[in-house]
Amino acid sequence: MSFGLVLQELDERARERGGGVHVATMTIVVFFEDAAIGALARDRIHTLAAKHPSRVILLDGTQSEGFHHVDGDDWIELGAKGSTAELLHGAANALRLPEAPVILLWIAPGIGDDDRFCELSRDARTVVYNSSLVDAGDAALRQLVEYVKRHPELPLADIAYLRLAPWQESVAILFDGEESCELLDLERVEIGCGSQPEGLYLLGWLASRLNWKPGSENMLTGPDGKTIAFEIRREGELRRIARIALSSARSSFVAEADPNGETINLSVTGGHAKPPRLRAINNPGVAALVERAILSSQNDRVFEASLAAAGAILAFGTASP
Amino acid sequence: MVNPLRAGLPQEGITTPCSAVFFGASGDLFKRMLLPAIYSMHLRGMLPAAFALVGFSRTAYSDDAFREYCRKQLELFSPKDKQPQGPLWEDFAKRISYVTGDFSDTQYYVALKDRLAQNDKEFGTAGNHLFYLATPPPVFPEIIKHLKEAGLDKDGGGWTRVVVEKPFGTDLESARKLQQTIEGVFPENEIYRIDHYLGKEPVQDIIALRFANTIFEPIWNRNYVQNIQITSAESLGVEERGGYYDSAGALRDMIQNHVINLLALVAMEPPVSSHADDIRNEKYKVLSAIRPPAHSDVWSLSARGQYGAGTIDGAPVIGYRQEHDVAPDSNTETFAAVKLMVESWRWAGVPFYLRSGKRLPRKVSEIAVTFKAIPHRFYGEATDRIDPNVLVIKIEPDEGISMRFEAKVPGPKEHIRSVFMDFSYGTGFGVVSPPAYERLIGDAILGDQTLFTRWDAVERAWEIVTPVLEVWQHTKDFTFPNYAAGSQGPQSAQKLFPEWRRI
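For the protein sequence lines, the chains are A and B, in the order given. Take the first sequence: its letter number 247 is residue 749 in our numbering, and every next letter is one higher. Take the second sequence: its letter number 118 is residue 144 in our numbering, and every next letter is one higher.
I should point out that these hints are in silico values taken from the structure, not numbers from a laboratory. Where hints are given, some of them may not hold.
To be verified - Taking lysine-lysine pairs in the DSS-like style, the calculated list, with each CA pair at most 25 Å apart, reads: (1) Lys108(B) x Lys553(A); (2) Lys521(B) x Lys365(B); (3) Lys108(B) x Lys139(B); (4) Lys553(A) x Lys106(B); (5) Lys776(A) x Lys120(B); (6) Lys147(B) x Lys120(B); (7) Lys192(B) x Lys226(B); (8) Lys106(B) x Lys192(B); (9) Lys106(B) x Lys776(A); (10) Lys57(B) x Lys108(B); (11) Lys226(B) x Lys553(A); (12) Lys147(B) x Lys776(A); (13) Lys311(B) x Lys203(B); (14) Lys192(B) x Lys389(B); (15) Lys365(B) x Lys192(B); (16) Lys120(B) x Lys106(B); (17) Lys174(B) x Lys120(B); (18) Lys108(B) x Lys98(B).
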């Protein structure tokens with residue numbers, strides 16, 4: 503990996519550019535090992551970098567170490583196939599902008615024993631991971647839970663969790679006002695989702711907010727000892743929540759995506775019946791989610807608690823849908 | 027019980043239930059600005075789930091006809107990606123209702139009260155009522171009076187807020203009278219005096235620039251600053267607003283509110299917190315440190331102008347007096363410039379030059395802080411000119427910050443040249459900020475008064491400009507029109523301050 507040549511090329515580009523002003527807000531280090539994922543990643547990082555001028559260092563695990571490509575002042579691609587963790591870390595360090603924060607986008611399925619992830623995440627202000635990058639049930643989330651236990655200081659954001667924002671908001675809306683008392687009497691939670699991590703995060707978020715602890719494989723226990731049955735069912739598109747229904751003895755609270763996935767229909771039936779309401783989902787693309795991770799995920803205690811609760815639920819052996 | 031699911035949740039939208047009533051709902055402001063802003067908030071998920079919109083105006087509409095009217099206006103005035111269609115529009119439309127009524131007859135306000143009660147029941151708006159006065163200003167007192175008579179000023183189990191559009195009065199006396207009427211019905215914490223200019227992102231960026239950085243504050247004072255220029259220029263003429271503008275003029279229309287507000291933001295002391303009243307206290311303090319000019323000093327501290335025919339962007343344009351609804355012998359100024367002094371420890375001796383005008387070469391809003399010249403020159407060739415540093419906060423059209431400083435020209439000689447370091451929010455962040463009205467309507471529903479002007483600041487701004495207004499009003503300017511459209515403004519402005527930045 504010859505990043506000396508890259509540095510030379512960057513100097514040449516800067517000279518060609520002349521005296522213009524250079525604006526950069528961060529260094530984005532991207533790691534991927536799959537060509538198709540790499541193509542998507544390039545596209546999305548371009549979108550992100552257009553919005554937040556950045557130096558981008560793409561560590562391409564599909565290209566051999568000798569490969570490098572420099573585009574403009576700030577787009578650098580390096581072959582990283584077979585590269586050691588130390589070499590990747592060295593390259594990222596040499597090519598990063600000295601003052602700007604480093605954001606690591608790890609677009610590979612696992613992190614468990616990957617010392618490349620461990621090395622690259624050392625200097626990052628934010629580490630962006632996606633536990634539902636591939637359709638592998640809860641495996642990636644389990645790895646993440648274990649990794650975070652060993653590295654509690656990891657400044658982590660998970661795309662799978664960030665996708666939940668419109669659903670968290672919708673579920674919260676269902677319990678705004680007088681209905682909030684019903685939260686104490688919930689007896690059942692059903693989640694329909696296309697991938698396991700999103701469903702587990704949504705359940706973990708509820709459990710952490712309401713102080714529910716796992717009691718068995720499909721049962722949670724509230725602070726007053728009441729039990730809450732739960733079910734996570736495979737339904738709808740990958741990486742999307744399709745539906746969540748929460749029931750108490752008196753009422754049923756449902757948030758459900760329309761078939762186009764553009765709106766969430768909110769309904770409350772039973773004792774607290776209300777006219778149906780509609781919320782726009784505004785499904786943000788991955789670039790927007792990464793942006794959200796960069797701007798607002800630091801010290802997100804709610805995320806940390808949701809991840810821990812999801813981990814506790816997983817520890818009871820919830821079966822993948 | 028507080029909803030525990032809300033704790034720590036990023037604020038995706040506004041949760042406070044609310045019925046928003048728009049007086050003047052058949053008017054221009056509503057259809058062009060307010061309705062598209064509200065609908066965009068709905069599409070972005072920013073409106074509360076328990077929300078209803080009530081239009082109130084003289085034009086007769088049924089609920090259905092008004093919904094159809096709204097749909098058509100949105101088709102005209104909303105961007106392509108925010109057109110009214112599909113289930114989201116249907117969900118929004120069913121929350122729209124209308125009361126046809128005369129602003130001066132209580133019975134229609136009683137009908138409005140019934141409608142709001144119905145909304146509370148049907149949409150769960152919880153007795154929270156936002157009254158938005160989007161009518162011509164002369165109607166404001168009438169509406170306020172009848173809101174009280176119909177008992178709509180009382181909290182119906184929730185909150186009541188009234189949003190008042192600018193201009194707030196036409197002079198000091200009328201502003202005080204209007205204030206008396208409003209404060210007789212609503213307390214200050216329920217009055218939201220809107221100036222959409224303050225909702226613009228770059229105006230808020232001034233606070234971030236000054237107080238989220240350490241490098242500016244130590245030099246932000248009389249020891250380092252030579253002068254501060256605040257410019258709000260437009261290349262447009264009065265368009266369809268000739269009738270209004272001819273009774274207002276540049277001083278009332280821009281300087282008294284927008285430009286003086288910018289001065290307050292750039293000159294205020296650091297607030298103790300971002301709480302609305304902490305910021306508004308500081309803004310008021312700095313305005314109270316400005317001594318209004320004595321009548322006898324008005325001519326030496328101000329300049330006025332009126333545009334004649336000229337050329338804008340290569341196209342000929344008519345003069346002000348030839349505009350529609352403008353008196354052919356109008357004495358109204360379309361350009362105003364004033365020099366103000368902030369008599370405080372920080373700013374003593376630093377002149378603030380404010381100017382605003384129409385039919386100037388281009389649209390530009392900016393604050394330029396010119397720093398003092400170097401105290402002793404020992405470097406540079408004898409022929410070199412060493413200019414002072416200038417920090418420019420650009421508000422419109424290219425939001426950003428620019429800094430001028432001196433640098434050595436490469437080579438064996440010691441030549442010095444000014445260079446410019448430019449930061450543009452557009453390229454820095456590439457983000458399109460939501461329009462000002464979305465931010466301000468959202469803040470009003472949330473009860474955040476930070477970006478709304480408090481009465482003491484409005485009153486003080488009128489006090490500052492009143493001597494100038496009075497002298498100008500009582501003196502016909504026989505030189506009008508005294509600047510050509512597309513020029514830099516009248517000669518008198520150059521006499522007031524020869525170093526204006528070029529527009």
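A quick look at each hint next to the structure:
1. A C-alpha spacing of about 21 Å is found between lysine 108(B) and lysine 553(A), which places the hinted pair at or below 25 Å, so the restraint holds.
2. With a C-alpha separation of about 12 Å, the suggested pair lysine 521(B) and lysine 365(B) falls inside the 25 Å cut-off, and the hint holds.
3. This hinted pair does not check out: lysine 108(B) and lysine 139(B) have alpha carbons roughly 31 Å apart, beyond 25 Å.
4. Pair hint lysine 553(A) plus lysine 106(B) holds up; C-alpha atoms about 21 Å apart against a cutoff of 25 Å.
5. At roughly 15 Å between alpha-carbon atoms, lysine 776(A) and lysine 120(B) fall within 25 Å of each other, so this suggested pair holds.
6. Restraint check for lysine 147(B) and lysine 120(B): satisfied, since their Cα atoms lie roughly 14 Å apart, inside the 25 Å limit.
7. The hinted pair formed by lysine 192(B) and lysine 226(B) meets the criterion: a straight-line CA distance of about 15 Å does not exceed 25 Å.
8. Only pairs whose Cα atoms come within 25 Å are accepted, and lysine 106(B) paired with lysine 192(B) is rejected, the gap being roughly 29 Å.
9. Taking the CA atoms of lysine 106(B) and lysine 776(A), the gap is near 33 Å; set against the 25 Å cutoff, the hint is violated.
10. At roughly 14 Å between alpha-carbon atoms, lysine 57(B) and lysine 108(B) fall within 25 Å of each other, so this suggested pair holds.
11. Taking the CA atoms of lysine 226(B) and lysine 553(A), the gap is about 19 Å. The hint holds against a cut of 25 Å.
12. About 10 Å separates the Cα atoms of lysine 147(B) and lysine 776(A), which keeps this hinted pair within 25 Å; it holds.
13. For the hint pairing lysine 311(B) with lysine 203(B), the CA-to-CA distance comes to about 23 Å; that is within 25 Å, so the pair holds.
14. At most 25 Å may separate the alpha-carbon atoms for a hinted pair to count; lysine 192(B) and lysine 389(B) meet this at roughly 21 Å.
15. Restraint check for lysine 365(B) and lysine 192(B): satisfied, since their Cα atoms lie roughly 24 Å apart, inside the 25 Å limit.
16. For the suggested pair lysine 120(B) and lysine 106(B), the alpha carbons sit about 22 Å apart, so the restraint of at most 25 Å is met.
17. A threshold of 25 Å between alpha carbons decides the hint, and for lysine 174(B) with lysine 120(B) the separation of about 28 Å lies outside it, so the pair is violated.
18. Between lysine 108(B) and lysine 98(B) the CA atoms are separated by roughly 13 Å; this keeps the pair inside 25 Å, and the hint holds.
Checked against the numbered hints given earlier, the structure breaks hints 3, 8, 9 and 17 and satisfies all the rest.
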